[in-house]
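Trainee: The chain contents come next:
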Amino acid sequence: MTDTLFATLFQELENFVLIDPHSHINPHSAASKNLADLLGYHYYTELAHSAGLPKDQIEGPEITPKEKVGRLVEKLADLDNTIQVSWLIEMCREFFGFQEDRLTPENWEPLYDNAEQKMAQPDWEDQVLRHSKIEQVFLTNDFDDPLEGFDTNRYIPCLRTDDLVFHFVKKGVRERLAKATGIEAVDAVTLRSAISKLFAHFTAKGARACAISLPPTFHPAKVDPGAASQVIKHAVKGQRLTNSEQELLSAHIFWILAEHCAEHSLPFDLMIGVNRRVYESGVYQGQDLYDTRVSLIQYKEVFNAFPQVTFPVSVLTHMSNQELVSYSWIFPNVVANGHWWYSNTPTYIELDTRSRLEAIPRNKLIGYYSDMYKLEFALPKFRMYRRILARVLAEDFVRRRGWTEDQALQLGRQVLRGNVEQIFKMPSSK
Amino acid sequence: MTDTLFATLFQELENFVLIDPHSHINPHSAASKNLADLLGYHYYTELAHSAGLPKDQIEGPEITPKEKVGRLVEKLADLDNTIQVSWLIEMCREFFGFQEDRLTPENWEPLYDNAEQKMAQPDWEDQVLRHSKIEQVFLTNDFDDPLEGFDTNRYIPCLRTDDLVFHFVKKGVRERLAKATGIEAVDAVTLRSAISKLFAHFTAKGARACAISLPPTFHPAKVDPGAASQVIKHAVKGQRLTNSEQELLSAHIFWILAEHCAEHSLPFDLMIGVNRRVYESGVYQGQDLYDTRVSLIQYKEVFNAFPQVTFPVSVLTHMSNQELVSYSWIFPNVVANGHWWYSNTPTYIELDTRSRLEAIPRNKLIGYYSDMYKLEFALPKFRMYRRILARVLAEDFVRRRGWTEDQALQLGRQVLRGNVEQIFKMPSSK
Amino acid sequence: MTDTLFATLFQELENFVLIDPHSHINPHSAASKNLADLLGYHYYTELAHSAGLPKDQIEGPEITPKEKVGRLVEKLADLDNTIQVSWLIEMCREFFGFQEDRLTPENWEPLYDNAEQKMAQPDWEDQVLRHSKIEQVFLTNDFDDPLEGFDTNRYIPCLRTDDLVFHFVKKGVRERLAKATGIEAVDAVTLRSAISKLFAHFTAKGARACAISLPPTFHPAKVDPGAASQVIKHAVKGQRLTNSEQELLSAHIFWILAEHCAEHSLPFDLMIGVNRRVYESGVYQGQDLYDTRVSLIQYKEVFNAFPQVTFPVSVLTHMSNQELVSYSWIFPNVVANGHWWYSNTPTYIELDTRSRLEAIPRNKLIGYYSDMYKLEFALPKFRMYRRILARVLAEDFVRRRGWTEDQALQLGRQVLRGNVEQIFKMPSSK
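Here the protein sequences come in this chain order: A, B and C. Position 61 (the first sequence) corresponds to 440 in our numbering; numbering is contiguous. Position 115 (the second sequence) corresponds to 494 in our numbering; numbering is contiguous. Position 161 (the third sequence) corresponds to 540 in our numbering; numbering is contiguous.
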């Protein structure tokens, strides 16, 4: 049952050097310092908590990194079936020469120490990128990020706008906006000016995208500016907004963002479908879930209103994938983007990839992004995707449709790298 | 990795001569006249437009067929991954001896000329049908189609009723109805009489089905005739209807249609789930999308009220497929029908076929219809389906459940042809 | 194309002796007495009815078991593609030495007689359990079941609560409750006392779960006890409840049940998504369908409010499976439970199993339950699941992720048996 075709294609896909079009990397501390940085990824903490580990065992300022790792490792036996733990083992083997197939209470300590030493090497960050075949990494920057002190050619700024759209009513957010722009946003006009300043700042620093994550209930729409101004004034006065006022305000700010994307030729990444804080006692970043009852029809108005803006769309669930396929097939400005969060597991990635590759124009598919917080994760996550992509190319294209291996690899390269360059208009694009 | 079992079954399925139970063929001009008739299929224009080709490059009275083909071919390199383009290549190879695996700016012109010559042969239509192993083709006829001037034994009339149910409020529709029936539909009674006339006309001409496509929001229900009459009068007076009046009117006309299907023993094809004109700047026939949030529970009342009417149901999305499986498994009058539009790609066809074949009585499954506008498309589309069906029969039935090849082929034949004969009560049924 | 790895794993999984965590077995008559008990399973009557058999041919007191079987067998040729009929053939071959691959009007009578003889053997029930490798079977007991006259170590009581939550308004239900508990439930306080008595009775008899099936519209919530008492009083007076009163009452009783599950450390099986009596002319137990538009977000409040209660959740459709995966991955008290009813067919079981095994902690997965009414069904149903599980373990874990066969089998054993012991705290747990 060895599949030489698959093995060949996978090997070739492994050789492509990539640009990661979405991550949560902190460019001032991109790589990990110890295993706690790896095991602290919310996938492990939330799965361990779900499997029975009390939250206070792994969260709290008094817990040292090593203690935290020790406690999480105790629980890994309940999680070793998950694809997420397979990433962990793969990182340990690739980066630290770990020889085992399980991380256990018996074998983790030498690994911890060995990893900490390796990670302390001054060029660790470069080693990781080189070994992972990753050249550039998109960030997720707060709107008030100064974007200074790092190489914006390696770490590409991206303006993340959730706070503006959904939390403008919070005083802290408005203060951050005022501080970042020098403008007090007290009505529709000043809010627009402040946002213009943000875009000017971000694009001057080489930002290649604006991005936002959106709840299943969100329905963008063009709002009457007078009504918007009214609500902004309420918000600024510290008044509690009604649900419909909050919806109007969010819709309005979203629309202003889209207008600025148009003006600055910036793609607007939409990540659709997440409900925040569903499980309020969950671990840090492990509280969000969703309601599958969401449709891209909610975005009809905005897709029609901004034909000049490219919308790379991520959907949270496999149940939304077919809509993403169909909307990308019809709307010139909708692009299918990666495999997000709860859909980032092989069963769903494989089905979603197969359906996208057979029905969306090949220049409108962004295969994968890491969504990582620490650089080391690019390797196992992209490798998981490269493996699935190789399988789909082998089976659907070479075997079933008679493509040559070379034709299949060209498609693979475009989906893995070429489209990232084109869609985000990368200046370094080769 | 050659799979002899699959190859054998596929070859056998390829030999069955079929009846196509749903198409948009114009029986007065069934086959194509040139490559523009093939490349003008909305799948190609909308995919090319989605990939970046401006609409005005391919739509407009001044564009000659050859110019149009040239412009679309320029864009095909961005679409060659799609299953739809694989149909195109397959037609070119099967019908015109094309030897390449891509249609390019360099190689299309000789093909165009060669195809035009072949298509000019007086028996081209017969050649296509014979070569495609298609014997009879169901049409989609406007309600005021005279159904004259063609062989209704080869091209089976089918009464399409979208205009009546959703556009009765338009003056043009009412005028067409009056002209076709000689009856001015000005209230519930006269509307019913006019519809009766349509059914009499269609069944006299050999119609084997009534059909309609329906938006996700549609909810058929029996309406009070007095209330219906009131709304009909408003519509006839040219008054603008409220949403709830329009819904009531649509529900009422739909119900009258079902009653006539019962009276005439005519199956009522329901094609559920399409939203029209979502992308209003899209190319011709490339503007429709959907909202997956639809359920067959909306049809509970009508399925219960008309046990004597067979409803061959098509759903627009894979997300509705399991409901279709379950409703066909429970309701004697619900039949699963083909793979419609956005679900007509291999990944979804395969999953939908597997789930249907293992849970719906075998006499209640219509495997496939072409939905084609030009005859040449039957070959690649049915072949795609035959290939998938062969794969499912080989894997799920012969390998996993120990069926003989002959048993599997009998199931294949029933799903491909036998059930079309039985369910639509084909007079020529053997 | 023989797959040795799959065959080996399947054989090993076949050897595990199991506990069936959900069935509808009548412990006073657990095994079948004749083929009519097998063919009377609603899957066969509803499929035969769906395929064209009139209901009155198979329902009615005057029809003898043998007549009923004869009539159903006449229709089996239309159903032999279904996985359900494959279970039937498998039972006939395993238990009665049937040699054919189809049950036909020509061959059923000798089988009927032979089966009746075998089933009359005094140890038939033991034979079936032993041959099926089933040790213990969970029941579905009415709340007023005395739980007497059977071995509660073999047949584990389970408190089924649909009647209480959704039919308390019916006089008959209230009378049964009064008779079972000696308490007239006339307000919130007495209702709670009555329910407390039920839990005391059931747990004293060794019940290991409380269970309920829920419509897609159900939305549990903590209700003001005063408001609840008001509605209870209306119900007790025989007043017709409004929809919102009924919803409030159902929510209230559901909440009381959850509180008692907490108090008694009893898992609360939620079976989410069924609409009752959608096809009202259907055969017995063949009238229920669903609306896929349901979300586990509706259970957010209850999952948060009862962290100490384990909720083994079953969903009716594949469309809800990803939510079940994600909610089990995040909520420590949510466990994925089996493959229910309309999703209990191989295509959906396979996809659902793959997605669960790769993303839910392995200690939170209950692989399968039979849902059977007669003991003989455990064998073919669990075998279907063991086969699918073997395929997923072979492909996803051994081949793709490099697990050893032994590691894969340990995972298989945990999902098939170990988690049932742990999650339901089986006293006999080894």
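Don't read these hints as lab results, they were simulated from the structure. Take these hints with a grain of salt, some might be off.
If several chains are the same, the list does not tell them apart, and a pair holds so long as it fits within one copy or across any two.
To be verified - Heads up, simulated DMTMM-like pairs for lysine to aspartate or glutamate below, C-alpha to C-alpha not over 20 angstroms straight-line:
#1 K804 / D457
#2 K445 / E554
#3 K804 / E774
#4 K601 / D541
#5 K584 / E514
#6 K445 / E514
#7 K616 / E784
#8 K601 / E659
#9 K445 / E800
#10 K434 / D505
#11 K601 / E446
#12 K601 / D566
#13 K549 / E563
Trainee: Look at each hint and say if it fits the structure.
Mentor: Here is what the structure says about each hint:
no. : hint        : result
1   : K804 / D457 : between (44 angstroms within a copy, 18 angstroms between copies)
2   : K445 / E554 : neither (37 angstroms within a copy, 61 angstroms between copies)
3   : K804 / E774 : neither (32 angstroms within a copy, 40 angstroms between copies)
4   : K601 / D541 : within (18 angstroms within a copy, 32 angstroms between copies)
5   : K584 / E514 : within (18 angstroms within a copy, 65 angstroms between copies)
6   : K445 / E514 : neither (31 angstroms within a copy, 45 angstroms between copies)
7   : K616 / E784 : neither (63 angstroms within a copy, 65 angstroms between copies)
8   : K601 / E659 : between (33 angstroms within a copy, 17 angstroms between copies)
9   : K445 / E800 : neither (40 angstroms within a copy, 34 angstroms between copies)
10  : K434 / D505 : neither (34 angstroms within a copy, 47 angstroms between copies)
11  : K601 / E446 : neither (51 angstroms within a copy, 39 angstroms between copies)
12  : K601 / D566 : within (17 angstroms within a copy, 40 angstroms between copies)
13  : K549 / E563 : within (14 angstroms within a copy, 52 angstroms between copies)
Hint violations for this structure: numbers 2, 3, 6, 7, 9, 10, 11, all remaining hints satisfied.
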